[in-house]
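Asks: Spelled out from the first residue to the last, the chains are:
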Amino acid sequence: MLLIPCPHCGERPEIEFTYGGEAHLVRPADPSTLDDAAWADYLYMRTNTKGVHAERWRHARGCGRFFNALRDTTTDQFLGSYRIGEPKPALSMGEPR
Amino acid sequence: MSKQRFSALSLLRRSLGGHRSWEPQWRKSEPKPAYDVVIVGGGGHGLGAAYYLAAEHRVGRIAVVEKGWIGGGNTGRNTTIIRSNYLFAESAALYDHSVKLWEDLSQVLNYNVMFSQRGVMMLAHTVHDVQVFKRHVHANRCSGVDNEWLTPEEAKAFCPPLNIDPDIRYPVLGAALQRRGGTARHDAVAWGYARAASELGVDIIENCEVTGIRRDAQGRVEGLETTRGSIRAGKVGVSAAGNTSAVLSLAGVRLPLESYPLQALVSEPVKPVFPCVAMSNTIHAYISQSDKGDLVIGAGTDAYTSYTQRGALHINMHTLDAICELFPMFRRLRMMRNWGGIVDVTPDRSPIIAKTPVPGLYVNCGWGTGGFKATPGSAHLFAWTIANDAPHPINAPFTIERFRDGHLIDEAAAAAVAH
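Line order of the protein sequences matches chains V and R. Counting in the numbering used here, the first sequence runs from 1 upward without gaps. Counting in the numbering used here, the second sequence runs from 1 upward without gaps.
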């Protein structure tokens, strides 16, 4: 089981969290102006990163808050987490193994 | 396949010779400079596609490149369940095409894939399960796929270990049974296709990871860069399961896929005790017994995307809770091994077997948690699509563009694994 670093509560076991998928996907401000391909890209297309992945988590059975985390999907090692609204940190905080 | 053909007589003759005269079942190949078609991914789907390209479409020079060893990915990591009781007509046609190919696959390949139509029984625990399974039964019968409704007593008669006590937490309210469903030996599928393809001249190149996709001035695929050098290719078919997004990103193609770990486990081997495949979507358990005697148990996907081929223990514990409730006789059985595979999941839980926006590049992916059952059909249709540069009518709905055009084939209720 993963230990996930909640930026509000510290490291907690995985079962306290729900997963929110790829982070920093911004909903288009006016979907009616998009063509079908652009709308499908927002709804369905994912980078499915093999490597360091920015992703949303929610500490559902803790503080209840959403946050973003960086995790290496080839090792499941967390490289850090940050609050919603904060920019994605630069990776100097620790390269994945 | 003259020299190595399996028959009762050849087995007897070689056993009298002390089994010393067996030869390798397929050639280990070095990459040649150029091929007509290169398949990326040496699982059942990829090896099968290479076999059908050679056997049915008479393509001359074919290679399968595999980054590890053949059958070492999801082909060797699944729970071997085969069924075709999906809801929509498109899916029923696709999966039933596969079941029909399974039925004589051992004869076609001259390799025993141990296909056993022992029946797949899906348990209903809530009124909603009952409604949705009955809808599946009716839809399947309209599509010409066998599926029947059983009362709890009939389910118990079909599968005696089942606990139909009305006082358990999620009592069994009935079941949908597909009698043509069953299991097969997963490794034998990879080996059988590899052997048959190799016999037809297909080069199987292991330990060969794709690191680049080369394209000409018009954007058409012209070859691959691999860890074992450059390979020119007229066409490239990617059949790389959980790694498909990573491979196709080399050609700038984005896909509606996310890769999750899916776990399974086996018990210690015991005498034959379990006559069928039983599955419960609601409380999440599925179980069958292999011919070796171990109970093969499927757990769920982990919550997060990952490429690690392992998952968390609590996922397995959750499944074992359900197994112990439904089949109390297994409560003292010990579990021997567990493992994870990386499954590529689409938003509508249906696969993609299609051309990509890049000319000469084809993709077979998105099988999510249920790809093993489709191995022969998927391989057969993928070979057709590559050879004809156009989809077969059965896989024509399973495009990438369906997500743009809104023609989703939503099989979230038929895919048994919660995800």
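Do not take every clue at face value.
Derived, one-sided and incomplete: chain R residues facing chain V with beta-carbon distance under 8 angstroms [to be verified]:
hint: 1; residue: W22
hint: 2; residue: E23
hint: 3; residue: R185
hint: 4; residue: D187
hint: 5; residue: S245
hint: 6; residue: A246
hint: 7; residue: L250
hint: 8; residue: L255
hint: 9; residue: A303
hint: 10; residue: Y304
hint: 11; residue: S306
hint: 12; residue: P347
hint: 13; residue: H392
hint: 14; residue: A396
hint: 15; residue: R404
hint: 16; residue: H407
Okay, derived cross-link-like pairs now, BS3-like style, lysine-lysine, Cα gap no bigger than 27 angstroms in a straight line [unchecked claim]:
hint: 17; chain 1: R; residue 1: K67; chain 2: R; residue 2: K32
hint: 18; chain 1: R; residue 1: K67; chain 2: R; residue 2: K100
hint: 19; chain 1: R; residue 1: K271; chain 2: V; residue 2: K50
hint: 20; chain 1: V; residue 1: K50; chain 2: R; residue 2: K67
Hints in this document: simulated from the structure, not taken from any laboratory. Here the structure is a predicted model, which means the values were calculated and not measured. The beta carbon of each residue, even a glycine, is placed where N, CA and C say it ideally should be.
Asks: Please go over all the hints and tell whether each is borne out by the structure.
Replies: Structure-based check of all given hints:
Nearest Cβ of chain V to the Cβ of W22(R): about 38 angstroms, over the 8 angstroms cut. The hint is violated. A hinted interface residue such as E23(R) counts as satisfied when its beta carbon comes closer than 8 angstroms to some beta carbon of chain V; here the least separation is about 38 angstroms, so the hint is violated. With its C-beta approaching chain V no nearer than about 30 angstroms, R185(R) sits outside the 8 angstroms limit, and its interface hint is violated. With 8 angstroms as the threshold, the beta carbon of D187(R) stays out of range of chain V, its nearest partner Cβ sitting at about 26 angstroms, so the hint is violated.
Here the hint on S245(R) is kept, as its CB sits about 4 angstroms from the closest CB of chain V, short of 8 angstroms. Checking A246(R) against chain V by beta carbon gives a least distance of about 5 angstroms; that is within 8 angstroms, so the hint holds. Hint on L250(R) is violated. Least Cβ distance to chain V is approximately 11 angstroms, over the 8 angstroms limit. Residue-level restraint check for L255(R) holds (minimum Cβ-Cβ distance to chain V is 7 angstroms; threshold 8 angstroms).
Checking A303(R) against chain V by beta carbon gives a least distance of about 4 angstroms; that is within 8 angstroms, so the hint holds. Checking Y304(R) against chain V by beta carbon gives a least distance of about 5 angstroms; that is within 8 angstroms, so the hint holds. Because the closest C-beta pair between S306(R) and chain V is about 5 angstroms apart, less than 8 angstroms, the hint holds. A distance limit of 8 angstroms between C-beta atoms decides the matter here; for P347(R) the minimum to chain V is near 5 angstroms, and the interface restraint holds.
Interface hint at H392(R): violated, since its Cβ lies 24 angstroms from the closest Cβ of chain V, which is beyond the 8 angstroms cut-off. Because the beta carbon of A396(R) sits about 19 angstroms from the nearest beta carbon in chain V, more than 8 angstroms, this interface hint is broken. Interface hint status for R404(R): upheld, as the beta-carbon distance to the closest one in chain V is roughly 4 angstroms, under 8 angstroms. Checking H407(R) against chain V: minimum C-beta separation of about 11 angstroms lies over 8 angstroms; hint violated.
Taken as a hint, the K67(R) and K32(R) pair is honoured in the structure, with Cα atoms around 16 angstroms apart against an allowance of 27 angstroms. Taking the CA atoms of K67(R) and K100(R), the gap is about 30 angstroms. The hint is violated against a cut of 27 angstroms. For the proposed pair K271(R) and K50(V), the alpha carbon gap of about 42 angstroms is over 27 angstroms, so the pair is violated. Between K50(V) and K67(R), the direct Cα distance comes to roughly 15 angstroms. Compliance with the 27 angstroms bound is thereby established for this hinted pair.
Violation of the numbered hints given earlier is confined to hints 1, 2, 3, 4, 7, 13, 14, 16, 18 and 19; the remaining hints are satisfied by the structure.
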